[in-house]
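Visitor: Reassemble the complex: the two chains are provided individually, in unrelated frames, and hints are given to aid placement.
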Amino acid sequence: MSGIFNFQQVINSIQLGSIYALIAIGYTLVYGIVKLVNFAHGDFYMLGAYVAYFTAMFEISRKDQPNVIIILLISMSTGALVAFLSNRIAYRPLRYKPRLSALITAIGVSLFLEYTSSAMPFIGPSFRPFPDVIQTKQFHIGGAVLTNYQIINVAIAVTLMVVLTYIIKYTRVGMAMRASSQDKDALKLMGVNLEKIIDFTFIIGGSLAGAAGLLAGITYPRINPYMGIIPGLKAFIAAVLGGIGNVTGAMLGAFIIGFAETFGYAINSVIGEGIAYAILIIVLIFLPQGLLGKKTGEKV
Amino acid sequence: MLKVNDLEVSYGAIKALKGITFEVKSGEIVTLIGANGAGKSTTLRTISGLLKAKRGQIFYKGDEITNREPNEIVAMGIVQIPEGRRTFPDLTVRENLELGAWTIKSRKVINDKLEGVYELFPRLKERRGQLAGTLSGGEQQMLAVGRALMAEANLVLLDEPSMGLAPVLVDEIFEVIERINKEGRTILLVEQNAEMALQIANYAYVLEVGNIVFEGEAKTVAQDPKIKAAYLGA
Ligand SMILES: Nc1ncnc2c1ncn2[C@@H]1O[C@H](COP(=O)(O)OP(=O)(O)O)[C@@H](O)[C@H]1O
Ligand SMILES: [Mg+2]
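Sequences listed follow chains A and B, in order. Counting along the first sequence from 1, when you hit position 217 you're at 217 in my numbering, and nothing is skipped either side. Counting along the second sequence from 1, when you hit position 162 you're at 462 in my numbering, and nothing is skipped either side.
So here's chain B without its partners, still in its complex pose (with noise of 0.2 Å):
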């Protein structure tokens, strides 16, 4: 569904994707671990548009997207929740939904859209209209997961949404994930918390300082050594 090829990013001087290649296939969910800095949350604002390759290539569906505009990568079925949730603090939660569904003309579409995201998160529903920024932090995540739900999406990039988060919360955002997946979009999940994410995902990339380092079937790199050693505590 996914596939980058030989991706090279930098910001100035500095080169943040020195080259990587990895594949999302359809339906699945994928995960890109790595430390803080490894050049996670750049793959992904790549992918989505908001920062322009140097070098390699992005297909998704067999389409190359290199480089497109980040509102044509959203119209084509690519939705991220970026890293800190970003949701719009001065706008209500349905607002903040609303916008999420901007693709979409459909009002009825919407509105029904609108009743899925609420039936996820009823606690969305109870404070539709209370300003985002009120939140709390567990609130606003479920609120950017629900604002990426609004969109017409079939590939979802997720960037750290265990971040900051209590352990039950946590656990949450992972059940919803998986749900997620379950009902049909392809998950492409980046996380330091790699126990968690390797938990739920069919296969994983580990990323270090720009460059892909080892990947396998989750099940198969959380077993082995060196990754248990650097990443799972063990």
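In isolation and in its complexed conformation, chain A is listed as follows (with noise of 0.2 Å):
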């Protein structure tokens, strides 16, 4: 196989594609339940990369092998601790008022988290080099190359997706989810305490952003406080793309950017990447809903 469309840039655009889905996810979420863009979403994702970064390193001081569950575990419990809270702190005492206020909050929360990472003698400004948690191995498939990194990514991003499919679509917590987002007073009527479904989604949204972390860590191995902006705000296309608020369709549209961008650099890397997003602006022009969001006014 030779040439732009190759194998090679597959492999890669799932990959991208897998961590812009777990990112744009939580986006989605809490988006479909209170309507508030959470800005600081890719700065859980990169405290997910730190505490990954710290838990590997720790684990090699020790002359452990890194384990890379644990380190997952440890990394989305960091994302969820810190939307939980995020969530607690800044945007439940302004549930009630104007949308921009909390939009403003969700920045101030953002910046707050990269400026204090940076602040911090432990993290620092600058970039740092993500430790091997495993031995790198290659496999050759045609004429592309397919490292384990690879497949532990795409293999763990797949199984967050099906288990929180699985939460959405089959247990009562995820449909009270669902149900807050189409009518929450008739939710509070059936006895649900709705601020424990929000607490919820945060939690769910940042334990992917999380993860997320980690996985960008171990692929893209240089993390600072600032790697969350761009793959937020990625993600948050993407989220839009697929059409906020639906789950199913942050992940399509997380891995289209993945293709689009990765294919869009191959093509031409100068201004491939921008004419992939230029694609994405048109497709909004006419699907404004985005791809398998709900077409608004048709509400009888």
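Keep in mind the hints are simulated off the structure, nothing from the lab. If you're wondering where the values come from, they're calculated on a predicted model, not measured in any experiment. You may find that some hints are simply not true.
Quick partial rundown of chain A residues pointing at chain B, CB under 8 Å, derived from the structure [unchecked claim]:
1. ARG178
2. LYS188
3. LEU189
Just so it is clear, CB atoms sit at the ideal spot from N, CA and C, and this is done for glycine as well.
Guide: Next comes the structure, spelled out in structure tokens:
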């Protein structure tokens, strides 16, 4: 296989898309229920990467073989905790206040997490190389190279997405999450404590962002406190492209962005990615509600 | 069972309830009738905890529940079927019913209740996998009633169940209300359709722009010349 449209690009696209997808899900879940664009969401991902880094370094310093699953759980817990606290401290007091205040607060939380992290002596503003948590292995398939890191990355991401889909589709709390984006007062009349559902939504979104942080750390092995900004923005775009509020849409949008970016770059490294995003703008002009979003105004 | 004392509720500067007092006795069907904008929904929404009272108290089985959170109130056994059904359109019929049983933890109890609702409304059973948004108005009202029956409730608040339904369906819904009542639930029924409501109720209150202006046994209220002229089109 040769040329631009080769298997290597497909592998890279899926891997990049799976990281965007984990981040995009949090954006879309939170937006679906509280109509907030949580701009701090990319920073939950960044903190997930740092905690993964410290955990890996600690394990390596004890001459242990780092355990990816343990690091993953710690990253996810960190993302979940920071998301939960952001909601409780910053967003909840503004719940029934003008939308713009909450949005500005989200930007505030984001900048706070970034600057505070970079001011911490043990984090610092500069890039850190992410350690090898396992020995790299390469597999050659046709002309493409697939690493064990990419396999782990995609396997973890897909597993998490399957678990999430199961929670949302088949559990009671998942049902309540879906119902809450349709009619909050009616949900309260069922005896549901809405704030608990919102807490849970932030926890789920934060944990997936934390997981994405680890995956980014192991596959693009340089981290810094501002690493969440661009992927966060792109994941947000993915969520809007897929139809904000729709989880399947967020995943779909994320993979489309992963592919568009990777192939755009392969076609022309100077303006390829720019063109990929221009295409997205055009898609949204014709499908303003996103690919799987609900048309507004069709309700009777 | 339910006592409302001097209840005042406002939306900003608009006073929707100006100090109303009424009572719902255990086992009865009590109706609150009144024209559009009288404050009927406001009354039910405040009992359920969706709105905060400015003044006055609400007691349920002797406990004060004024300004408690909606989830606590449902857990105490008060369930509301809101105006306009308010089923979850993108959830299936079955999922809507399951959410109605949110406060119940036992899977077995939930399944039994589900069977009970399907027995009462075989139509819902047929359509259990269908999205609620695709149901007809009458079916949605059945779903809204069924969903409320999934809860462990002793007091059912109904907000204009007849609204927007064809006459046959109105009859059907009122039969269901009577049946629910006979099975042991107390009912507070809010209606603009005074004629139907007075036929099945034991006691009635008449609400006019935030004040209760008339009350009595439902039969007596139905015979009152003033009420007849204003609400019964006679
Ligand atoms: N969300 C709201 N904001 C402002 N005013 C409201 C709101 N809901 C109801 N009202 C006003 O409160 C009064 C009572 O309304 P409501 O309780 O809905 O009446 P009913 O159910 O008897 O038709 C009306 O004057 C209505 O305009
Ligand atoms: Mg009303």
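Visitor: Against each hint, give a clear statement of whether it holds in the structure.
Guide: Outcome of the hint check:
| no. | hint | result |
| --- | --- | --- |
| 1 | ARG178 | holds (6 Å) |
| 2 | LYS188 | holds (4 Å) |
| 3 | LEU189 | holds (5 Å) |
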